[in-house]
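Peer 1: Letter by letter, the chains look like this.
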Amino acid sequence: MLKRSFIVSGTLHAVIIAAASFAWPHAFELSEEPSDIIPVELMTVADVTNVRPTVIEQPPEPPAPEALPPPEPPAPPPPSPEEVEIAPPEPEQKPEPPPEPPKQVVEAAKPPPKPPVPRQRPKPEPPQPQFSVDSVLALLDSRTPKPPAPPQAQVAETATKGLGAQNASTLDLRDALLSQIRDCWNVPVGAPTPEKLIVQVRVFLARDGSLAQPPLLEPQTRAAAASNPYMRTAAEAALRAVNVCEPYKLLPVDRYDSWREIVMTFDPSRMVGP
Amino acid sequence: MYLRHLLSTAKRRPFGRLLVLAAVAILGLEPSAYAALQVRVDQGVTEPIPIAIPDFIASPEGRDIASVVRADLERSGLFRSVNPASFIEKVADINVPPRFGDWRTIQAQGLVTGQTTMQPDGRLRVDFRLWDIFGESQMIGLQYTTTPENWRRIAHLVSDSIYERITGEKGYFDTRIVFISESGPALNRRKRLAVMDQDGANPVFLTQGDYLVLTPRFNPTAQMIAYMSYIQERPRVYLFDLETGRQEVLGNFPNMTFSPRFSPDGKSVVMALETNGNSDIYLMDLATRTSKRLTNDPAIDTAPSFSPDGQQITFESNRGGSQQIYVMNADGTAVRRISFGQGRSGTPVWSPRGDLIAFTRIGSDFHVGVMRPDGSGERLLTSGWQDEGPTWAPNGRVLMFTRTLESRGASGGGSQIWSVDITGRNERRVLSPGDASDPAWSPLIQ
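Chains A and B are the protein sequences, given in the same order.
For the first sequence, this note's numbering gives the first residue as 1, with consecutive numbering after it.
For the second sequence, this note's numbering gives the first residue as 1001, with consecutive numbering after it.
Simulated from the structure, these hints should not be mistaken for lab results.
Think of the CB as a built atom: it goes at the ideal place given N, C-alpha and C, for glycine as much as any other residue.
Keep in mind that the hints are not guaranteed to be accurate.
Said to hold, decoys possible - Facing chain A, from chain B, some residues (calculated, C-beta under 8 Å): (1) Ala-1036; (2) Gln-1043; (3) Gln-1109; (4) Phe-1134; (5) Gly-1168; (6) Asp-1355; (7) Asp-1421; (8) Thr-1423; (9) Glu-1427.
To be verified - One side only, chain B facing chain A, incomplete, derived with CB under 7 Å: (10) Arg-1040; (11) Val-1041; (12) Asp-1042; (13) Glu-1047; (14) Thr-1167; (15) Leu-1283; (16) Leu-1286; (17) Arg-1353; (18) Asn-1395; (19) Arg-1397.
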């Protein structure tokens, strides 16, 4: 019995040693097989395609489309000669500038160049004569349930949070607008510090892509333009760009609510040299 | 759920309704369904602004003035004059707002309307208005009165007003250029001091060409020119008074003086003085005619130029082994080198705006470039066989320089005056009578 065990054990050891002696050198050969090189290019694309799903809460009540009549701003009064003529005749004298006419370019509301398509606003809540808890509860019950966030997805906080926040619902709108406005914006590159002349303009569009009303400078830009002539020039260039580019095509009508009001930030820093 | 609990509580305790109302108001805040779409525009174009300038109403001078304004604005590279043949509205009265739609149709963004009136006293009155076509408003309206033969200057003033209103910077059209006019064969060039309007009109020769003249520079009132001349074989700095035509040597130095330039207040001249093969920079007070030495180095220091605030001076020197640009305080202290690019650098000129120093870069080719006063942000704007000697427009936005063409056999060669925008765009030749070199731009004429 013992002898038989020795024979079995010895045979197994011999088999293992033989197998190992055969496989060991081939193991190195296998490891030296050339592998295909797959080129990988690392790109930073977050600025452009940082798409995150957005969860947009449904409004408590779907806005009922209601046509509002366009505002009727007063027509700009034609400047009378008295307002602009100055400079008493003096031979070969550099005339004094006249009192500045009202700066309607940037501030005054004017009639839209085209009959504006009626803007749609959420229907205002009818005034409640008396507070009723039941009605509020009924309202809560009628709310569309909040759609669940996709599992394990990073959710953007809001659809439009600050500059550069990208989300799936507006990325294509931005691309469509940029592809058009970049050809209309004449960049004020000759100013002393053009990279600082950042201008924000609020644009109101009608459904057909025309301007529903003249574009407005955002308050910060308006304040800077009032004191800095270079800023005023930059602001006027931005307003010109918005006006010249009208009408805005390529914007999907079924998502009009996403682009009816736009804040465009004109930033020349990438367009100027060192 | 919390809200629901609150409301149920309120139902049971009516006195708590006010509190509940406030809670609903706070918790019920929804993000606006119409929050404005945010778009960052960081790409655009640099194209001239289309502007329509019909002939000013009712006189040959009106036609000429509009023509000069169109040429001025076009030459700046910032404007494009809309072809008058495409105009739909014929402006009949500049006191009536134009039909803006007609001008939008032909792609004009600005409109200049004007009229000329001959006054009973024989003088010419020029009124003009600049309209914003898209804003549908008047941007400026001005009136000038002058003698009829002075119409060209009025046209430049109109151009300056339009340029300033639209770009936010002072114009530079009512200015002159002093330069060296060259004529004759290469071995016997006749060099004369000359001045002309910035558009090449009204050239006047100030010297007869009997002596070599170089490096003319205006004083801040554009009434006096400092330059170097080889009168009686002695190269020295002279002053020329444009009002009187009188010229005088500046200082009584035994040796060569050259490369003069006025201080921003016009009260002194900074220049180079050569002694035994070495040149240093001196400041001369024009009232007392006393001079002060600013540099004291065995190397060659030359081509000084004041900063617009008068606090610093930039100059060129080979004290580091090769010709490079340096900056020092106006009293000669705190010298530091600012040019480090490839090749040599010279003829620095401080911008009237203060933000840049223009210079000549000498390598295999010649370039005119700009850099910040600390040496950063260097940009070469032009390239040529020999581009050199930049001079600033008074608004610090445009440069002129000398471009010498390579001589090919018997033909070619010669020097011309060119201009370029500080962005490197809009390179154009400045028309001049014959060959011209060494331009210096005047300040705005007072």
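Peer 1: Look at each hint and say if it fits the structure.
Peer 2: Verification of the supplied hints:
1. Ala-1036: 4 Å, holds
2. Gln-1043: This hint holds: B:Gln-1043 lies near chain A, its Cβ roughly 4 Å from the closest one there, short of 8 Å.
3. Gln-1109: 6 Å, holds
4. Phe-1134: Holds: closest Cβ of chain A sits about 4 Å from B:Phe-1134, inside 8 Å.
5. Gly-1168: 3 Å, holds
6. Asp-1355: 5 Å, holds
7. Asp-1421: 7 Å, holds
8. Thr-1423: 5 Å, holds
9. Glu-1427: Where the cut-off is 8 Å and the nearest Cβ of chain A is about 15 Å from B:Glu-1427, the hint is violated.
10. Arg-1040: B:Arg-1040 check passes; min Cβ-Cβ to chain A is 5 Å, inside 7 Å.
11. Val-1041: OK, holds: B:Val-1041 within 7 Å of chain A, min 5 Å.
12. Asp-1042: 5 Å, holds
13. Glu-1047: 6 Å, holds
14. Thr-1167: 6 Å, holds
15. Leu-1283: It is violated, given that the least Cβ distance between B:Leu-1283 and chain A is near 28 Å, above 7 Å.
16. Leu-1286: 26 Å, violated
17. Arg-1353: 6 Å, holds
18. Asn-1395: 9 Å, violated
19. Arg-1397: At about 5 Å, which falls below the 7 Å cut-off, the nearest Cβ of chain A leaves the hint on B:Arg-1397 intact, so it holds.
Hint compliance for this structure: hints 9, 15, 16 and 18 are broken, all remaining hints hold.
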